[in-house]
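Asks: This is what each chain is made of:
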Amino acid sequence: MQLTLRDITKRFGTLVANDHISLTVEPGEIHCLLGENGAGKSTLMNVLFGLYQADEGEILLDGEVQHFAGPGDAIAAGIGMVHQHFMLVPVFTVAENVMLGDERTGVAGSLDLDAARARVREISERFGFHLDPDAVVEDLPVGVQQRVEIIKALSREAKVLVFDEPTAVLTPQETDELMAIMRQLRESGTAIVFITHKLREVRAVADRITVIRLGKVVGEADPAASNSELAALMVGRPVELTVHKQAPRYQDHSLQVQGLTVTDASGLVHVNAIDFEVRGGEILAVAGVQGNGQTELTEALVGLQHHVTGSIRLAGAELVGRSVRAVLDAGVGFIPEDRQVEGLVGSFSIAENLMLDRSHGGPFVRRGSVARAALRRFAQDKLVEYDVRAPGIDTPAGNLSGGNQQKVVVARELSRDLRLLVAAQPTRGVDVGSIEFIHAQIVAARDSGIPVVVVSTELDEVVALADRIMVLYRGQVVGIVPADTPREVLGLMMTGERPAEVTA
Amino acid sequence: MSGTQTPEKPDEHVAPSPRAAQWHTVMRSITSGNATVAVLSVLLAVIVGSLMIMATDEDVRASAGYFFSRPGDFFAESRVAIEGAYTALFRGSIYNTRADDVATGIRPLFETLKFAGPLIAAGLGVGLAFRAGLFNIGGRGQMLLGGAVSAYVAINAGFGGPLLLVASVVAGMAAGGLWAGIAGLLKARTGAHEVIVTIMLNYIGFYLVFYALSTQGLLQAPGSFNPKSLPIPADGQLPKIAGDQYNLHLGFVLSLVAVAVVWWLLERSALGYRFRAVGENPNAARAAGIDVGRTYVVVMLIAGALVGLAGANQALGTVTSGVTVDLDAGIGFDAITVALLGRSRPWGILAAGLLFGAFKAGGFAMQASEGIPVDIVLVIQSLIVLFIAAPPLVRALFRLPAKEAA
Chain F
1 MQLTLRDITK RFGTLVANDH ISLTVEPGEI HCLLGENGAG KSTLMNVLFG LYQADEGEIL
61 LDGEVQHFAG PGDAIAAGIG MVHQHFMLVP VFTVAENVML GDERTGVAGS LDLDAARARV
121 REISERFGFH LDPDAVVEDL PVGVQQRVEI IKALSREAKV LVFDEPTAVL TPQETDELMA
181 IMRQLRESGT AIVFITHKLR EVRAVADRIT VIRLGKVVGE ADPAASNSEL AALMVGRPVE
241 LTVHKQAPRY QDHSLQVQGL TVTDASGLVH VNAIDFEVRG GEILAVAGVQ GNGQTELTEA
301 LVGLQHHVTG SIRLAGAELV GRSVRAVLDA GVGFIPEDRQ VEGLVGSFSI AENLMLDRSH
361 GGPFVRRGSV ARAALRRFAQ DKLVEYDVRA PGIDTPAGNL SGGNQQKVVV ARELSRDLRL
421 LVAAQPTRGV DVGSIEFIHA QIVAARDSGI PVVVVSTELD EVVALADRIM VLYRGQVVGI
481 VPADTPREVL GLMMTGERPA EVTA
Chain E
1 MSGTQTPEKP DEHVAPSPRA AQWHTVMRSI TSGNATVAVL SVLLAVIVGS LMIMATDEDV
61 RASAGYFFSR PGDFFAESRV AIEGAYTALF RGSIYNTRAD DVATGIRPLF ETLKFAGPLI
121 AAGLGVGLAF RAGLFNIGGR GQMLLGGAVS AYVAINAGFG GPLLLVASVV AGMAAGGLWA
181 GIAGLLKART GAHEVIVTIM LNYIGFYLVF YALSTQGLLQ APGSFNPKSL PIPADGQLPK
241 IAGDQYNLHL GFVLSLVAVA VVWWLLERSA LGYRFRAVGE NPNAARAAGI DVGRTYVVVM
301 LIAGALVGLA GANQALGTVT SGVTVDLDAG IGFDAITVAL LGRSRPWGIL AAGLLFGAFK
361 AGGFAMQASE GIPVDIVLVI QSLIVLFIAA PPLVRALFRL PAKEAA
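So the protein lines, in turn, are chains F and E.
Counting from 1, position 56 in the first sequence corresponds to residue 56 in the working numbering; the numbering is continuous, with no gaps.
Counting from 1, position 114 in the second sequence corresponds to residue 114 in the working numbering; the numbering is continuous, with no gaps.
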């Protein structure tokens, strides 16, 4: 089935999220939609899936104009969507999830689970998925859950399949397997729309690439194009993709972590007796698939976790057992993994956010009052220094783009006198242009002689920043390896295997 | 990650679960909605109130009986009834046009200010808690405790002079603060929801004060069998500030001072900055080293003290003949409405408190001169809250652009 979007325009108030976007996806083709976060990719797909109504333009399937009032219509017309956050019921079995929304019933309204099971088996055999229809979804690995989503879409006879940032939660190996599945679907004649901002993946599978920037189609690219060509199209200017840094100059005061164990209130172990050391002037990048203890590790480092045993020593001083306040006062800078949840107060102005962790004294508080003049001067300076694109320092942080929000967080943390920097997912959801800048700031912090811990699920970022790489799997250290370790080896380590040549 | 944790250690509860975050969002949008919605809500409530005035007016009902033969009568009678009601409200709350001289005519305005005093103070208490993300429903209990303790000090302190008044007011504020502080402490330490705790503390406070009022040696007037205290000695009373012919007392001025103090606290002080940070995003506050649990305790102490001030205002200023359990006069709950209407901003609360003071003062005049049940005023007050709590309804009725969710 051929999918055509013609002049789709979608506005939110004065914001034009999609500006006359036209697109054609042929059957048996993988069409990549490449763009930064906030470029309008997801809005476009929500229009296609009937979740939003386009203000202008039309959707055509095989040349026929479609009117989707909701996802039900879109599904009935043969459009399937594999969401970034899976739309599955965790406690249901695979078969139950697949039939959800399209329940066949037998006598007296009883569910016809056998039919659903047969359907799951049939489709999973066709693609070699080896899925047990009676497995409970929450027990399955993330990559397999994604296959359940795919099967669910295929069981509704989807002829056009949309993958919305499907690799965000996958290991490199799972990503490769997904690519193989997408190619297989292409061979069987499915039209595939693949939404991503990861250049590597685009070049691996795309037949055609459409680049979207600020709600507009800015051009088509050839899959053979280089990474920097694609990035330049995406951002609108040439972008430096590699991080320039000198060899580390090690300093004395280091971070020493010994036997660190983090459990939650229910006793579940998230970080299991890990040891590592980061020397001053060195970046240790923590790699791993999301949910393998990285969040708990970084939170433990800044005192946000409550059930922590073991030892965290910064330049000899013990940090375990101290309050967040005391840890920050000891000179720890923290860039949290989700800036909207933990990094910023969205309704506060940029200036107010810049004093968030210094409200107990210091330059911005005098005799119980906020020193507004000092704060404003500071905020003005940082706006310029950190290249925050905003109308002014009074703009609410929540109104900024992801990259600019992150720059505010980075500016706040790096403006203190630091002895350790902990950066969790420092560039997640940040545009390519800002990534460049933030990476440079992190390297500058390292070159000032402090230990830096960077946690990232993006292997590219890990490799670009690291002096050494620590791989976490299920709360344990698989190994600490040099930065030039091959990707394949890192990918393997992320699945918990320790290759022979790596010693812990 | 912090989805479903079982209670075990203090402060962990401060990281809200997704559902708590949802409730948090809803509450924030209700308690800090925009000014247009607040004004339109009042307008809508007045319009709906007019319909009710029509429904309760006998002449209007009679003319409705022959509506189809002479519809003009119906509309004329309606106009008379509504006009009569609202002008009576005006006469009762701002200026009595029927008075002989200006000095008497202006009397209702002073009544309005007198009623507004405790409404403003208590509204500030509720609004301040809102700003820190806490729903303080315990106004009644805090007022009763504040009023009772301030009366106890005024009656039993054993000394006189200006110091007695100061001591009584401070004691009342301290009592209200501690009573609310219990809720803050329980939330910080165990994660107990402040809505439940403050509601329950209302009952406990009520019966505690009732017990004190019926026990000789505590608050009950010696030799009496009524649950009532002795009158407040002259030195313990809030002095009249506009001359003896008006009832307006110093309590109103104290409330104005409280408005200014709370404004400074919220908008200029570092402590208020932390209150707001915790209210807007407790997770970010925690990650930035702000002790969220401690903030909850401190904000409840201050909020309760403000409500306690309202209680002292009642006990030492408005009803000086002796304290009873009716001391709070519904102000503890009206304060929630005032805070909502004032969008939890000090100046907004001042304006809302004045409006509600006018309703209180004018409602009685409306009943006395027009025979319209005073309950209509209560219905209007309730409608205001209802409309404020449903901004989409107000927006739809006035065709305001909806907030866009991009």
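Keep in mind that the hints were calculated from the coordinates and are not lab data.
Idealized CB from N, CA, C, for every residue including glycine.
Hints should not be assumed to be uniformly reliable.
Label-pair restraints from in silico Cβ distances [unchecked claim]:
1) E:L393 to F:G392: 33 to 41 Å
2) F:T14 to E:A368: 48 to 56 Å
3) E:L256 to F:D7: 40 to 48 Å
4) E:Y95 to F:S369: 34 to 42 Å
5) E:T56 to F:L100: 31 to 39 Å
6) F:L100 to E:Y207: 46 to 54 Å
7) F:L268 to E:L163: 42 to 50 Å
8) E:L393 to F:D7: 30 to 38 Å
9) F:D447 to E:L256: 54 to 62 Å
10) E:E83 to F:D7: 50 to 58 Å
11) E:L393 to F:V107: 44 to 52 Å
12) E:L397 to F:R389: 49 to 57 Å
Sample of chain F residues with no beta-carbon within 12 Å of chain E, all distances over it, derived [to be verified]:
13) V65
14) T242
15) H360
Coverage of chain E stretches by chain F, computed from C-beta distances (three or more under 8 Å per stretch; other residues unrestricted) [as the list claims (entries may be wrong)]:
16) 269–276
17) 287–294
Asks: Give a verdict on every hint.
Replies: Verification of the supplied hints:
no., hint, verdict
1, E:L393 to F:G392: 33 to 41 Å, "35 Å, holds"
2, F:T14 to E:A368: 48 to 56 Å, "53 Å, holds"
3, E:L256 to F:D7: 40 to 48 Å, "60 Å, violated"
4, E:Y95 to F:S369: 34 to 42 Å, "41 Å, holds"
5, E:T56 to F:L100: 31 to 39 Å, "53 Å, violated"
6, F:L100 to E:Y207: 46 to 54 Å, "52 Å, holds"
7, F:L268 to E:L163: 42 to 50 Å, "59 Å, violated"
8, E:L393 to F:D7: 30 to 38 Å, "36 Å, holds"
9, F:D447 to E:L256: 54 to 62 Å, "56 Å, holds"
10, E:E83 to F:D7: 50 to 58 Å, "57 Å, holds"
11, E:L393 to F:V107: 44 to 52 Å, "45 Å, holds"
12, E:L397 to F:R389: 49 to 57 Å, "38 Å, violated"
13, V65, "27 Å, holds"
14, T242, "31 Å, holds"
15, H360, "7 Å, violated"
16, 269–276, "holds (count 6)"
17, 287–294, "holds (count 5)"
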